[in-house]
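> Okay, here's what each chain looks like letter by letter:
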Amino acid sequence: MSMINEITLIAIIVAVACALPGVFLVLRGTTMVSDAITHTVLLGIVLAFFITQDLNSPLLMIGATLVGVATVWAIEALQQTKLLSNDAAIGIVFPLFFSIAIILITRYAGNVHLDVDSVLMGELAFAPFRRLMFFGLDVGPRALWTMLVILLINSLFIGLFYKELKITTFDAGFAAAIGFSPVLIHYGLMTLVSLTAVGAYDSVGSILVVGFMVGPPLAAFLLTNKLHVMIGLTAVMAVINSIAGVRLAFMLDTTIAGMIAVVTGVTTLLVFVFSPEKGLIKATVNRKREQKKIEQRLQEIK
Amino acid sequence: MKLIIRIETWEKVKADMLEQIRLLLNDYTFQVVALGTGFLGLLSGVIGTYATLRKESLLGDALSHAALPGIGIGFILIQRKELSVLMLGAIISGLIATVIIQTMSRKTVVKLDSALSLILSSFFGLGLVILTSIQNNPNAQQAGLSNFIFGQASAMLRSNVQLIGLTGLVLLVLVALFWKEFKVFTFDPMFGRTLGFSSKIVESLLSTMIVVTIILGLESVGVILISALLTGPSVAARQWTNRLSLVMLLAAGIGFVSGVTGTFISSMGARIPTGPSIVVVVSMFVFLSLFISPGRGILARHMAYRKRQKVFMKQIRSLEE
Numbered sequence: 283m284s285m286i287n288e289i290t291l292i293a294i295i296v297a298v299a300c301a302l303p304g305v306f307l308v309l310r311g312t313t314m315v316s317d318a319i320t321h322t323v324l325l326g327i328v329l330a331f332f333i334t335q336d337l338n339s340p341l342l343m344i345g346a347t348l349v350g351v352a353t354v355w356a357i358e359a360l361q362q363t364k365l366l367s368n369d370a371a372i373g374i375v376f377p378l379f380f381s382i383a384i385i386l387i388t389r390y391a392g393n394v395h396l397d398v399d400s401v402l403m404g405e406l407a408f409a410p411f412r413r414l415m416f417f418g419l420d421v422g423p424r425a426l427w428t429m430l431v432i433l434l435i436n437s438l439f440i441g442l443f444y445k446e447l448k449i450t451t452f453d454a455g456f457a458a459a460i461g462f463s464p465v466l467i468h469y470g471l472m473t474l475v476s477l478t479a480v481g482a483y484d485s486v487g488s489i490l491v492v493g494f495m496v497g498p499p500l501a502a503f504l505l506t507n508k509l510h511v512m513i514g515l516t517a518v519m520a521v522i523n524s525i526a527g528v529r530l531a532f533m534l535d536t537t538i539a540g541m542i543a544v545v546t547g548v549t550t551l552l553v554f555v556f557s558p559e560k561g562l563i564k565a566t567v568n569r570k571r572e573q574k575k576i577e578q579r580l581q582e583i584k
Numbered sequence: 007m008k009l010i011i012r013i014e015t016w017e018k019v020k021a022d023m024l025e026q027i028r029l030l031l032n033d034y035t036f037q038v039v040a041l042g043t044g045f046l047g048l049l050s051g052v053i054g055t056y057a058t059l060r061k062e063s064l065l066g067d068a069l070s071h072a073a074l075p076g077i078g079i080g081f082i083l084i085q086r087k088e089l090s091v092l093m094l095g096a097i098i099s100g101l102i103a104t105v106i107i108q109t110m111s112r113k114t115v116v117k118l119d120s121a122l123s124l125i126l127s128s129f130f131g132l133g134l135v136i137l138t139s140i141q142n143n144p145n146a147q148q149a150g151l152s153n154f155i156f157g158q159a160s161a162m163l164r165s166n167v168q169l170i171g172l173t174g175l176v177l178l179v180l181v182a183l184f185w186k187e188f189k190v191f192t193f194d195p196m197f198g199r200t201l202g203f204s205s206k207i208v209e210s211l212l213s214t215m216i217v218v219t220i221i222l223g224l225e226s227v228g229v230i231l232i233s234a235l236l237t238g239p240s241v242a243a244r245q246w247t248n249r250l251s252l253v254m255l256l257a258a259g260i261g262f263v264s265g266v267t268g269t270f271i272s273s274m275g276a277r278i279p280t281g282p283s284i285v286v287v288v289s290m291f292v293f294l295s296l297f298i299s300p301g302r303g304i305l306a307r308h309m310a311y312r313k314r315q316k317v318f319m320k321q322i323r324s325l326e327e
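Protein chains in written order, with my numbering: chain A, 283 to 584; chain B, 7 to 327.
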């Protein structure tokens, strides 16, 4: 496989793997929690790295995922005190975790081969160089296999718990009443979000992961009202964005993940403006029409 | 004999430490940096109070990321790291991001948090694309441009502090001038509109002030941590009082003390970055306030609960008798 094809393939798999849990984040209105998670997994990576001293250890992923879940727990614990608003709780927890991570890295920079820049930015272009060897056989880039497994886990989770996810997302009270635990499903989803963020950090970086998670589902959300159609459209958007992003990045000789994030932003904004049902133009036209109607009624009354 | 020696060494250590602290406090660089970070803390405490009360504290997070393309374009235009031009670029791209986010969340069914996350990452991606293209065209001046992402408090110059001070002063004067208007629009925008204040002007002024504060803050703590500086002091101050003026004063104080203390800690220890240590200090203030504030704090509430329980038990017992 040529390098550009390999990169495109990795980009597509990363994009779809991130976008799937994103569907439920967008519907539940908790996308900024995922933004917090993608930052705090850095703390998990650092802590696990101190223990294992190996950047490729699976323990690193488990540790980072656990810290991601701990972030969600900390944010919710703060929110439950009712002493501060929901968004303020997020705005306090993740900078603290992230700061501790940065202080640890800077303090022990001498003996840690961990670069903050690479964790934050990531670089897809380097992904094909990190190969996975299997019994001495080169089976492809490591990132490809990691993300493929994560994509599989995400799809399995959504497939198996489709009903539960749907019900807890749209009517948590009803779900609890008929015996589904909204908390359990919520934490399951958040575990997947952190696992995906950890898996994706070295190819796209922790800041852009959020865009991968939110962009395609948001565009799909603007185009349909059916959950299963939304999931399908999300995958399609993710694929389109990553192919276009990789091509553009190669043409302009620039960062691939950054370019995909830009393309994601542009396509989503386009859908936002032109969507036939829920778009900006449609909303403006509707509002004008309502105004006219009211004015006409007023005239009639006079 | 041993004890005496130990006491002597302890006193020597103590004297050494005091001497070190004295030297640090007299150090010119430390004074400049501490003044800068302290003033930035004060400013974000004041302006952040509006942001948290309007439940827009995450806007700070999104806007600081969205400033990156502006910084890059500003640099491309003048090919120098002139702070004022870079900040102007940052402010313009921050304002564009604000307009897009507010259009998305107010005019259509898109939720605020989805809009924030989308704009945050796509603007940051654009910023990275622009910074990469700058790095591809070698120019000695570009070194350290990515420092905006983590802040560069320890490299703060006297001219930077002057710029921060001057801009900050303008913002503080605006807060004093439009005190009534901002207050009405923070707590009850509908009521403000019925009073005849122009909501568009007041709101865009307030948004602009929040953006400017964020951009100034990039200098000290960087893109990722500015949301803590914007949120922390006001949330901590909010626990102690219900009056807006007092919350704001307290937030200003907490912000200032955090800035100076954070700078102090990072100067004392070896290899402790300034921005993150400021954030840790701010967070300590927040958690302390959440726990021990009288009346609404976690401890006070727990004690009140226990008291009620006791009274209730007493009543039950007296009824039983």
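Please keep in mind that the hints were generated in silico from the structure rather than gathered at the bench.
Where is the CB? At the ideal position from N, CA and C, for every residue including glycine.
Treat the hints with care, as some may be off.
To be verified - Facing chain B, from chain A, some residues (calculated, C-beta under 7 angstroms):
#, residue
1, Gly373
2, Pro377
3, Ser381
4, Thr536
5, Lys560
6, Gln573
> Evaluate each hint against the coordinates.
Hints, verified against the model:
About 4 angstroms separates the beta-carbon of A/Gly373 from the nearest beta-carbon of chain B, less than 7 angstroms, and the hint is met. Hint status for A/Pro377 relative to chain B: holds, with the closest Cβ pair at about 3 angstroms, below 7 angstroms. Interface restraint check: A/Ser381 against chain B, minimum CB-CB distance 4 angstroms, threshold 7 angstroms, status holds. Hint status for A/Thr536 relative to chain B: holds, with the closest Cβ pair at about 5 angstroms, below 7 angstroms.
At its closest, the beta carbon of A/Lys560 sits 5 angstroms from a beta carbon of chain B; the interface hint therefore holds under the 7 angstroms criterion. A hinted interface residue such as A/Gln573 counts as satisfied when its beta carbon comes closer than 7 angstroms to some beta carbon of chain B; here the least separation is about 14 angstroms, so the hint is violated.
Hint 6 from the earlier list is the only one contradicted by this structure; the remaining hints agree with it.
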